[in-house]
Amino acid sequence: MNARIVHIAANTFREAVRDRVLYNLIAFALLISGAAIFVGQISIDIERLVVINLGLTAVSLFGVVIAIFIGIGLVSKEIEKRTLYTVLSRPVRRWEFIVGKFFGLAGTLVVNTFFMAIGVFGALLYVAHKFSAPDALILIALYFIILEFLIICSLALLFSSFSSPLLSAVFAFSLFVIGSFANDLRGFAGLTRGVARWVALGAAYLVPNFSALNVISVVAHQQPLGSQLILHNTLYALFYTATALSGAVLIFERRNLK
Amino acid sequence: MTLNSMTSRQRTTILASACLAISLTASILMLRGTDQLRPQATLEDSLYVNSPSVIKRASLGFDGLMACIYWTRTVQYFGGQHSQRGGTYNELAPLLEITTALDPHMIPPYQFGASFLAPAPPNGAGQPARAISLMEYGIAHNPDNWQLYYNLGFVYYTELKDYKDASRIFAQGSEVPNAHPFMKILAARMAQHAGDLSTARMLWSATFETSHDKDIQMNALEHLRGIKVDEDVIALQAAVTRFGERTGHLPASMTELAVAEQLQGLPVDPDNDPYLLTLDGRIEIPHPEDFPFATKGLPAGYKPVPPRFHSKS
Numbered sequence: 000m001n002a003r004i005v006h007i008a009a010n011t012f013r014e015a016v017r018d019r020v021l022y023n024l025i026a027f028a029l030l031i032s033g034a035a036i037f038v039g040q041i042s043i044d045i046e047r048l049v050v051i052n053l054g055l056t057a058v059s060l061f062g063v064v065i066a067i068f069i070g071i072g073l074v075s076k077e078i079e080k081r082t083l084y085t086v087l088s089r090p091v092r093r094w095e096f097i098v099g100k101f102f103g104l105a106g107t108l109v110v111n112t113f114f115m116a117i118g119v120f121g122a123l124l125y126v127a128h129k130f131s132a133p134d135a136l137i138l139i140a141l142y143f144i145i146l147e148f149l150i151i152c153s154l155a156l157l158f159s160s161f162s163s164p165l166l167s168a169v170f171a172f173s174l175f176v177i178g179s180f181a182n183d184l185r186g187f188a189g190l191t192r193g194v195a196r197w198v199a200l201g202a203a204y205l206v207p208n209f210s211a212l213n214v215i216s217v218v219a220h221q222q223p224l225g226s227q228l229i230l231h232n233t234l235y236a237l238f239y240t241a242t243a244l245s246g247a248v249l250i251f252e253r254r255n256l257k
Numbered sequence: 000m001t002l003n004s005m006t007s008r009q010r011t012t013i014l015a016s017a018c019l020a021i022s023l024t025a026s027i028l029m030l031r032g033t034d035q036l037r038p039q040a041t042l043e044d045s046l047y048v049n050s051p052s053v054i055k056r057a058s059l060g061f062d063g064l065m066a067c068i069y070w071t072r073t074v075q076y077f078g079g080q081h082s083q084r085g086g087t088y089n090e091l092a093p094l095l096e097i098t099t100a101l102d103p104h105m106i107p108p109y110q111f112g113a114s115f116l117a118p119a120p121p122n123g124a125g126q127p128a129r130a131i132s133l134m135e136y137g138i139a140h141n142p143d144n145w146q147l148y149y150n151l152g153f154v155y156y157t158e159l160k161d162y163k164d165a166s167r168i169f170a171q172g173s174e175v176p177n178a179h180p181f182m183k184i185l186a187a188r189m190a191q192h193a194g195d196l197s198t199a200r201m202l203w204s205a206t207f208e209t210s211h212d213k214d215i216q217m218n219a220l221e222h223l224r225g226i227k228v229d230e231d232v233i234a235l236q237a238a239v240t241r242f243g244e245r246t247g248h249l250p251a252s253m254t255e256l257a258v259a260e261q262l263q264g265l266p267v268d269p270d271n272d273p274y275l276l277t278l279d280g281r282i283e284i285p286h287p288e289d290f291p292f293a294t295k296g297l298p299a300g301y302k303p304v305p306p307r308f309h310s311k312s
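Chains as they are written, first to last, in numbering that gives the first Met the number 0: chain C, 0 to 257; chain W, 0 to 312.
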C-alpha cells in the first residue's frame, strides 16, 4: 500500500485512541460481564443464547456508533482545525487522504472488535463452561459485523466529504436504519407496478443491505452458514465500500477548500 | 480543615457532592413512593406495541436480542402475576407471540405457553386456542423438535380433553428423529386409557422431567401432588365402602378404618397430614388450599384458590 496512505491511516488510528474511543471497551466489558453473571438468574434455558445475542449486538451497535461519530468528523474536523491544509500542502493527494482516513478508522474498529470478541467468548465460557465446535460460527458473525463497519465507515466519510458533521450523522444513521429494512424495500417493490416498482427496486439496491450481514440469530442457534454466503457478503461489502469511497474521493477532489 | 480555610474550588466540590448525594437519595425515595402509589403500573401499562411484526421491524435486525428481552419480560410478568394470586394473565399470549415471532427457534416460550396459556383461570390465561396456535407455529418452524409435539398433544389432552387429537399429535411427534420413546406409549395410551389418573401422572411426570423451567416444573409438581391426593381419596373411599358392606355401618374414625384395612398407620396426604373422615363417611383433605389441582376429597362448598407453588413433595 502507498506509504502516504499508511501514514495517514496510522495517524487516524492514533488520533482515535487519543480521543479515548477505546474507552467504549470498558462499557462493553461491564455490560458483557454483568450479563454473563446475571443471565443465569433471569433467563431460563437460554443463557448461551442471551450471551451470544447480547454480545454480538453490542459489538455491532458500539461499532456502528463509533464508525459514524468518528467517521463524520474525519474530514470536517481537519478543515475546521485547518490541519487539512498542512497535510495537503505536502505531496499528498486528496484521494490518498480519504483512503488513508478510511483505513485508519477501519483499523480502529477492527482492533475494537477484536477486544470485544474476546469479551464475548469469555462470557460464553463463563455461562457454558466449555466451548463447542458450533461456537466457531460466532467468528463468522464477527467477520460480517466488520464488513458492516467497512460500509458504514465509507458512508460516514462520503457524507463527511461534503456535509457538516450534524447532517452527516443524520444521513449515516438514516442509511443504517433504512439499510436494515432493505429486504422490506425489495418486498415492497414486488407489490408495486410501473415507476413505483422501479423506484422501490432502485432504492432497495442503492441502500446498503445490512440485513444480509446480520447473522447473529443464526449463529446463536448454531445453524450452519454456507461458504457461498460468506463469499457473497464479502464481495458485496467490498464493492459497496469501494463505491462509497469512490464517491467520497470524487466529491472531495472537486471541493473548494479555500 | 474548616469551611473558611478551604479554597473556593474545594467548597464547590463538597457542596456539589452533598447536593448530588441528597438529590439522588431524594429521587430514589420519591420513585419508591410512586411505585407504592401505582403498584399495578407494570407491564400491562407498558406493552404499548402488541404487533409481533412491528416489533420485529423496529428491532433493526437485532431480533435475537429483542427475543431474549421479551422472553425475560414474559417470565417476569408471569412471576409477578402469579405472586399476586388473583391477577390475570392477559398479556401472556401477546408476550409469547412476540417472543416467538422475533425468534421462532427459541424453544422455552412454547413450553411455557403449553403450561400456562391454555389452563383456565386462575391457573392460567384460559386461552387454549392461542396456545394451540403458538404450538403449531413452533412446530412449523422447528419440525424436528419432538418436545413441541409433546407440548401440543399435552394441551389437547389436559385442557380440551380431546384425546383423539392428542393421540394423533403424540403419534406425529414419535416419528420425529430422536423422539423420546414415551411419545409412542402416550399415543397408544390416549386411545385406551386417556381418562386414567395413571395416564395423567405419566404426562405430568414427563413434563417435570423434560423441562428445565422452574415454573413449569413447579406446576407439574403441583399437578402430581393433586393426582396423588385424588388416587388416595379414591382408594380410601373404596375402603370406606368395603367397611360399610362388611360391617353394616360406617367406620367411626380413620383409626378404625386403618385397622380394618390393615394399613401401616393413619393414611396421610403428600404433606404428611392425615386424611379426614367425615361423619357421613366422606374422605376429605385437611388443607385443600395446599392441593389446588386435587379434584377429590374437597370439603363441600369449597372454592378452589389460585395455585401457589411450593417445594413440598
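It is possible that part of the hints are untrue.
[As the list claims (entries may be wrong)] Ranges of calculated distance between the beta carbons of each label pair, as one might list FRET restraints:
1) Ser226/C to Arg200/W: 32 to 40 Å
2) Leu28/W to Arg81/C: 27 to 35 Å
3) Ser132/W to Ser210/C: 21 to 29 Å
4) Leu205/C to Lys183/W: 52 to 60 Å
5) Gly79/W to Ser163/C: 25 to 33 Å
6) Val169/C to Leu28/W: 56 to 64 Å
7) Asp143/W to Ala2/C: 55 to 63 Å
8) Ser210/C to His211/W: 30 to 38 Å
[Stated by the list, open to error] Mimicking DSBU-like on lysine-lysine, the simulated pairs with C-alpha atoms at most 35 Å apart in a straight line are:
9) Lys213/W to Lys227/W
10) Lys213/W to Lys80/C
11) Lys129/C to Lys227/W
[What the hints assert, rightly or not] Listed next, the stretches of chain W that the computed footprint assigns to chain C, with coverage defined by at least 3 CB atoms under 8 Å from CB atoms of chain C:
12) 55-62
13) 92-106
Hint data in this document are derived by calculation from the structure and do not stem from the laboratory.
Backbone N, C-alpha and C define an ideal beta-carbon position, used for all residues, glycine too.
Can you give the numbers of the hints that this structure goes against, from lowest to highest? 1, 2, 5, 6, 10 and 11
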